[in-house]
Amino acid sequence: MNRKLSAFGKVSIILATGCIAMLWIVPMWRIDLAAPQYPEGISMQIWINDVKGDVEIINGLNHYIGMKTIHKNDFKEFVYMPAALGVFCLLGLLVLVLNRRAWFYAWTGLLILIAAVSMYDFWKWEYDYGHNLDPTAPIKVPGMAYQPPLIGYKKMLNFEALSQPDIGGWFFIAATLLLTSAALYEWRRAKKQRL
Amino acid sequence: MKLPPLLLAAAAALTVQSCKMKSTESAVGGDAAARTYVAPGKYDELYNFVSGGFSGQVSVYGLPSGRLLKVLPVFSVNPENGYGYSEETKPMLNTSHGFVPWDDQHHLALSQTNGEHDGRWLFANANNSPRVARIDLKAFKTMEIIELPNSGGNHSSPFLTENTEYVIAGTRFSVPVGNAESPLDNASYKKNFKSTASFIGIDKHSGHMNVAFQIILPGMDLDLSRAGKGPSHGWFFFSTYNTEQASTLLEVNASQKDKDFIVAVNWKKAEEYVKAGKARKMATEYYHNTFNEENHAATSEIIKEVLTLDPEELKDLVYLIPCPKSPHGCDVDPSGEFIVGSGKLAALIPVFAFRKFVKAIEDKAFEGEYNGIPVIKYEAALHGEVQKPGLGPLHTEFDGKGNAYTSFFVSSEIVKWSVKDLKVLDRVPTYYSIGHLMVPGGDTKKPYGKYVVAYNKITKDRYLPTGPELAQSAQLYSIEGDKMQLLLDFPTIGEPHYAQAIPAEKLKNQSVKFFDIAKNKHPYVAAGEKATKVERKGNQVHVYMTAIRSHLTPDNIEGVQVGDEVYFHITNLEQDWDIPHGFAIKHAATAELLVMPGETSTLKFVPTQPGIYPFYCTDFCSALHQEMQGYMRVSPKGSNVPLKWHTGGTDPTAAVAAK
Numbered sequence: 001m002n003r004k005l006s007a008f009g010k011v012s013i014i015l016a017t018g019c020i021a022m023l024w025i026v027p028m029w030r031i032d033l034a035a036p037q038y039p040e041g042i043s044m045q046i047w048i049n050d051v052k053g054d055v056e057i058i059n060g061l062n063h064y065i066g067m068k069t070i071h072k073n074d075f076k077e078f079v080y081m082p083a084a085l086g087v088f089c090l091l092g093l094l095v096l097v098l099n100r101r102a103w104f105y106a107w108t109g110l111l112i113l114i115a116a117v118s119m120y121d122f123w124k125w126e127y128d129y130g131h132n133l134d135p136t137a138p139i140k141v142p143g144m145a146y147q148p149p150l151i152g153y154k155k156m157l158n159f160e161a162l163s164q165p166d167i168g169g170w171f172f173i174a175a176t177l178l179l180t181s182a183a184l185y186e187w188r189r190a191k192k193q194r195l
Numbered sequence: 001m002k003l004p005p006l007l008l009a010a011a012a013a014l015t016v017q018s019c020k021m022k023s024t025e026s027a028v029g030g031d032a033a034a035r036t037y038v039a040p041g042k043y044d045e046l047y048n049f050v051s052g053g054f055s056g057q058v059s060v061y062g063l064p065s066g067r068l069l070k071v072l073p074v075f076s077v078n079p080e081n082g083y084g085y086s087e088e089t090k091p092m093l094n095t096s097h098g099f100v101p102w103d104d105q106h107h108l109a110l111s112q113t114n115g116e117h118d119g120r121w122l123f124a125n126a127n128n129s130p131r132v133a134r135i136d137l138k139a140f141k142t143m144e145i146i147e148l149p150n151s152g153g154n155h156s157s158p159f160l161t162e163n164t165e166y167v168i169a170g171t172r173f174s175v176p177v178g179n180a181e182s183p184l185d186n187a188s189y190k191k192n193f194k195s196t197a198s199f200i201g202i203d204k205h206s207g208h209m210n211v212a213f214q215i216i217l218p219g220m221d222l223d224l225s226r227a228g229k230g231p232s233h234g235w236f237f238f239s240t241y242n243t244e245q246a247s248t249l250l251e252v253n254a255s256q257k258d259k260d261f262i263v264a265v266n267w268k269k270a271e272e273y274v275k276a277g278k279a280r281k282m283a284t285e286y287y288h289n290t291f292n293e294e295n296h297a298a299t300s301e302i303i304k305e306v307l308t309l310d311p312e313e314l315k316d317l318v319y320l321i322p323c324p325k326s327p328h329g330c331d332v333d334p335s336g337e338f339i340v341g342s343g344k345l346a347a348l349i350p351v352f353a354f355r356k357f358v359k360a361i362e363d364k365a366f367e368g369e370y371n372g373i374p375v376i377k378y379e380a381a382l383h384g385e386v387q388k389p390g391l392g393p394l395h396t397e398f399d400g401k402g403n404a405y406t407s408f409f410v411s412s413e414i415v416k417w418s419v420k421d422l423k424v425l426d427r428v429p430t431y432y433s434i435g436h437l438m439v440p441g442g443d444t445k446k447p448y449g450k451y452v453v454a455y456n457k458i459t460k461d462r463y464l465p466t467g468p469e470l471a472q473s474a475q476l477y478s479i480e481g482d483k484m485q486l487l488l489d490f491p492t493i494g495e496p497h498y499a500q501a502i503p504a505e506k507l508k509n510q511s512v513k514f515f516d517i518a519k520n521k522h523p524y525v526a527a528g529e530k531a532t533k534v535e536r537k538g539n540q541v542h543v544y545m546t547a548i549r550s551h552l553t554p555d556n557i558e559g560v561q562v563g564d565e566v567y568f569h570i571t572n573l574e575q576d577w578d579i580p581h582g583f584a585i586k587h588a589a590t591a592e593l594l595v596m597p598g599e600t601s602t603l604k605f606v607p608t609q610p611g612i613y614p615f616y617c618t619d620f621c622s623a624l625h626q627e628m629q630g631y632m633r634v635s636p637k638g639s640n641v642p643l644k645w646h647t648g649g650t651d652p653t654a655a656v657a658a659k
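Chains as they are written, first to last, in my numbering: chain A, 1 to 195; chain B, 1 to 659.
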């Protein structure tokens, strides 16, 4: 029985690895804030190894409500994330050389796992960032938490927040969709071969 | 065709009606409101820089709305932001005669490249204590002020050559050179008094000014001036009055001659003479004050000599063109070919042709000499005269379509005429007695056109009365159609003289939002709260203080004594747009400080009595602005209270001691 990958499967490995490699060049996620006195908007970009944009302005504003300040060095994710994705890319090349469907399924599963763990970790950070407030903060609004939306829009006091994938995030999504459909294709092809 | 008598009578009545003076209402067109309305949140089409006259400052308006956007402190102290009060800005107003807190600001010039506004700098003159200032148009800030030696009344200034090679400074009041004393009578005036034309060189990159050379002219009043452009590039033209050389009752004595002069200076030739070593070094003393962007502070330099050129010896340097009746404006058209002299007591406008002027020199078509300088025959340089244009022509601007617009003080109107055939095309009344007028880019090779703005000398009933001293007034007219149309009145500060305007597109995107704190090289900067401290050096106490929303560090200071010189060096740690912090302390005999993000400014305070002195942020900065305050304890002289400071729970003295 042929356990080798189709041409589509092989090409999808190269494309998906390329998509993931883009995350070293472009930001992964972005959070945009707007308020009446910030008509130009405030924006923060999350990279796999850094956080950029108007971070200092956000830190300055958030001290009123006692939110923690954001510093690149506080995120162990900025070490784990590039490591995990780097290993993922190398494994991709290995799967291409081994040329076996089973490895391909496993490799696809790994990417979905990384995505799921990352999103859970992001949500957990957002929860802590929004709820864990300094009790001596000058402004305290009873019952108010400032957890940014995981994805989508949310209004918090005078600020509107929009959280969404940045260019790199879309490449990540594209890679996930591509590998999932390639895996489905391979699975059907294998089923046909068995008949 | 025969008309019935009744209709004829009606027609006659209508004619009589239209001959009546125009009322305010009839002068404003129906769509004027729509054409000047800039909706909330929308930007104006043009920046209009207007001289502040006797306020000493420069104001910035938006056009076509006429909204005041900013008052730029230049030659007068400005307690509103500490200009001239802070230790950093005090040197800007130093002169050879000490600190001068005021001046009379008349004319403005936007820097040019190839005869067009380039949006880099704005130059301003000081008429009273002769000086020229350079304002940076990224930060909208006065960066440099240079004093003029051998000058009185720097009126024919700060006009520019087409590539901003030089900014000019010419004396309205002749004075004896070398600031010598002299008796005051007409004989002494003729003998000892001189007018000077100073060519201030401008560094292409930094904009830094230096007096390159001075041309010493006979005693007379240099009124206004313009550089040549295109074919006449290399020449500078000045209008003059009092060529009668009177020192007293000029109203009568300087109005005797039928013609005064347009002084034509060949500055390219002057450069050659300077290079050839023909200039004389004269010992003098004048100040040059420069604001340094990196350390946010100004320094004064005293310059001890100046190069002078004598046109009586250097024959082909200066020529005089007779011009009727005390000319005021001396304006060069966009092509650089025509020079308009406006005899303010004349009933016509002479227009000279540069080509004919050059030919007259070649042909030696001179009618004689004036104090050793050749005078060209009037007709030899004349292109033609605009006949019966109005009364009291002052200034002329151009629209780039071959039309000129001249202001008339006495007949209170703007008259549009064609440069080519000198025909009057249109006239509109101004309310009242217009002085300068300005077409955006109307003094450049490529005028923007579209509007003409009148800057009036008399306001009378145009605004709600405010006692004897009334608002100053400007008026906006459309010049898009064949007929000029009044669109808007807007009040201005000081007395507006000349103005400049530039499309918003050329400036708005280069505007500085804040200064980079990492690049702040102020000697007393505290680039973070950890760097704050209080140091005593004899009777001087230096407070390195920071401001960030919403606290000052340190905000409790003890150990200061009566008679100490306390220097508050405030660094604004913010790195965001529109977050200045202010600083004021009770009983300080200066002004407040307004500190921009990333900047350091210093307020000096000498307490005279022991006690508690509150200080606070004066510029509403945040929801907790009201809490942004602190105290300084002042003890009697010789007290043993140690120097202590802190903000909140941490005590930096202890922290430093622990190290």
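For the record, the hints were derived by calculation from the structure and aren't laboratory data.
Please note that the accuracy of each hint is not assured.
[Claimed, not checked] Across the chosen pairs, the derived CB separations fall in these ranges: (1) A:K72 - B:D516: 17 to 27 Å; (2) B:S96 - A:K72: 46 to 56 Å; (3) A:D50 - B:K268: 35 to 45 Å; (4) B:Y37 - A:K154: 36 to 46 Å; (5) A:D74 - B:S96: 50 to 60 Å; (6) A:P36 - B:L345: 54 to 64 Å; (7) A:K154 - B:D516: 50 to 60 Å; (8) B:K513 - A:D50: 16 to 26 Å.
[To be verified] Which chain B residues face chain A? A few, computed with CB under 7 Å, are given here: (9) E362; (10) L624; (11) Q626.
These numbers come from a predicted model, not from an experiment.
Ideal Cβ placement from N, Cα and C applies to all residues, glycine included.
Let me make sure I understand: some of the numbered hints might not hold for this structure. Which ones are they, in numerical order? Violated hints (numbers, rising): 3, 7, 9, 11; every other hint is consistent with the structure.
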